[in-house]
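**Student:** In order, the protein sequence lines correspond to chains A and B.
All residue numbers for the first sequence refer to our numbering, where the first residue is 1 and numbers rise by one.
All residue numbers for the second sequence refer to our numbering, where the first residue is 1 and numbers rise by one.
One should not assume that every hint holds.
[Unchecked claim] Computed list of lysine-lysine pairs in DSBU-like fashion (alpha-carbon distance at most 30 Å, straight line):
no.: 1; chain 1: B; residue 1: Lys133; chain 2: A; residue 2: Lys4
no.: 2; chain 1: B; residue 1: Lys86; chain 2: A; residue 2: Lys4
no.: 3; chain 1: B; residue 1: Lys133; chain 2: A; residue 2: Lys13
no.: 4; chain 1: A; residue 1: Lys313; chain 2: A; residue 2: Lys342
no.: 5; chain 1: A; residue 1: Lys8; chain 2: B; residue 2: Lys133
no.: 6; chain 1: A; residue 1: Lys8; chain 2: B; residue 2: Lys116
[Claimed, not checked] Non-contacting residues of chain A with respect to chain B, defined by C-beta distances greater than 12 Å in every case (computed):
no.: 7; residue: Tyr86
no.: 8; residue: Pro92
no.: 9; residue: Leu306
no.: 10; residue: Leu341
no.: 11; residue: Ile345
The set of hints was computed from the structure by calculation and includes no laboratory data.
Ideal placement from N, C-alpha and C gives every residue a C-beta, glycine not left out.
Single-letter residue listing:
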Amino acid sequence: MLNKLLFKHQDKKQIIIAMIGSFLGITFLITSIHFLIRVNEFGQGNEILGPNTIIVQKKVTTSSTLGMTSTTFSEKEISKIKEESYIEDVKPVISNNFDVSFQTNDPLVPYFRSDVFIQTVDPSFLDVNTDDWNWKEGDTSVPIIMPRDILVMLNTFMSASGINQVSDDLAMKIKFKFTLSNETNKEWINAHIIGFTNEVSAVLVPESFMKYGNDKYSEGKEQKITQIMISGKENEFGKVEDLMTRKGLESKNSQMVVGRLKSIIGTLFFVVLGISVIAVFLSGLVMIQYLQLLISRNAYEVRTLLRIGYEPKILIKKFSYYFARIFAIVSIIGVGLFIPLKLIIDQVFQSGGIYIDTGFTLQSMIAVLLAYILFLVSAYLTARKGIFKEF
Amino acid sequence: MNIYLDHIMPHPLASIEHGSDSIWGKHIILEAGKRIALNASSGKGKSTFTTVTTGVRFDYEGQIRYDEQDIRTISPSEWAQIRQSKIAVVFQDLQLFPKLTVGENLRLKNELTRSKTEKELHDMLERMGIGDKWEQQCGLLSMGQQQRVAIIRALTQPYSWLIMDEPFSHLDEGNTQIALQMIHERTVEQGAGFVLTTLGDLHGYEYDLELKL
C-alpha cells in the first residue's frame, strides 16, 4: 500500500533517462577497468624482467667508433635519468670483466661448450623468486637466467647431433658449469637455469656471483657501464621513448613495441575510465535528484503518514529500498552488457595478435559493488534528510 | 495520560487579544478520561491547539507535557509510537490520501496497530452510512463523506486522547449524532478522553468540561 501511495503516481521519464545513463556508465566503467588491468598484465609472467622495464644502451655512431664520444654511462648521467618524473628506477647493468665459458655438465645431454657473456642487474628489476636468485661463495651451484636464443642454439646443436631437443622445463633440470679464468687462474662452478628471457642477450647471474668473479679474475680492469635498465611508470612509456630519442639511446625493438602498445591502449582505457566515472557520477546525481524530487512531490503523503503514526525509519527504508532496487537493476544490466562487449573487444585484440587474459577481473566487479554501495549510502542520506524535513 | 498546557502561547496568536476565559497563556490540565469541548470562534486558534498538542508544530511559548514529559523532548520515533497508541487526531483538513480508496486509507492506518478486523472497518463505514464507499477513491468523495472516513480512521487505533478539529463541520445533524455516538462508545470503551473543537455547536452532548480559546 505504501508503495502504491508513494511510487505509483510518478512521471517515470526522468528516472528512465537516469537509468539509461547509469547503466551505460556502469558498462563502460567495468569495461575500462577490466581492460586497463588486462592490458597492464599483458606481457607479465612471460618475461623475467619486471613490467615496463627495458635495457638501453647508447647508439653506436661514427663519432663513438672514432673515440670522440663515449658509449658508457657515467654516475651523473644515470642519476639525471632517474630524476625524471615518469621514471620508476634506473640501475646499471654490470658485465663480466673476466673470461667465462659455459658448458653442459650432465650425462643425459651431450657435451656443449661456448664462451659466454654474463651480466647482472639489480634484483628489483627481475620478476623472480628472490629465494632462488642468490649465490654466495661456497654454494655448489649458481642460478642463472638464460637468453632464450642460447636455448634455441643448444636445441639446434642437439637436433644436428640427432638428439632429442629440450623443453624449458627440462632445460631447468640440466646441470651446467661455468669456467672462470684469467691468464693465471681457472675455476669451475656449477650452474642451473631458473628462467629464460627474450629481452637480455647475455646470461644473467646474481650480483654476488658477478662481484666474486670480477674481484677474483678481472685483474683490476675498470668496470664500464655500457647498458642500463630503465623502469618506467605505468602507462607513461611514451615519455620514456621520448627520453631515449633525446639522449640517443636504443633498446631491443620487441621491448619497445610491447611498452608502446601497453602505453597507448592503457591511456585509451584510462580516458574511457575517466569518462565512465563522470558518467556514473552524473547519472547517480540525476537519480539522487530524482529521489529528492520524489520526496518533495510526496511531501503531503510523507507528512500525513508521519502524523498518523508511521515511523520515519520505515519511510526512509521504503525510499532507500526503492532506489536500491533501481540501481541493482542498472548494475545487473550494466554487467550484462559488459559481457558481450568484452567478448567483442577480446576478439578485436585477438584479431590484432594480442592475446590478453580473457578471464573476468575481480577488480571491475568490485568497482561496480563500490559504485552500488556509494549510491546506496547517498540514497539513504538523501531519503533521511527529505523525510525528517517533513517531520 | 494527563496533558498539561503550561502557559502556552502560540507565536501566530501572540499579537491577538484573548479573553479572560481563554486557555492561551494559562496553566490548563486536560485530565485523563475527560470529554472536553473547546469552543471558539474563527481565528482564535482551534487548529493551532490541535497541532501544538499533538506535536505537529512547536512554535509556541510555554510548555506542553504528556504526564511529566515535555513534548519538545520526544523523539520522532517516540512520536510514531504515541500517534499509534496514545493520541488519535481528526485534522480539520482531514489529511486523507485522495488517490487511495477508502479501504486503503483505513488499512494504511490499521496496519500499524491491527486493532480492527477488516469486517469491523466495514461495519464502521456501514454505521456511518458510507458502507458502499470501500472501493471508492477518497478524493472523489464529498467533504462530508471524507470527514466520516477521517473519523473512522482515528477510531481504528487505540488511544488515551482523541483530538478532533471541527470534525462535524460538513456533516448533517443525523450523521453528526451517529459519529458522536461512535466516538463516545470507542472513548468510553478505552477509558480515554477526547477534545472536540467547535465553533459553538455542542450537538447536545454532555461534555465533562468546556474550554474556550
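**Student:** Of the hints given before, which are not true for this structure?
**Tutor:** 3, 4, 9
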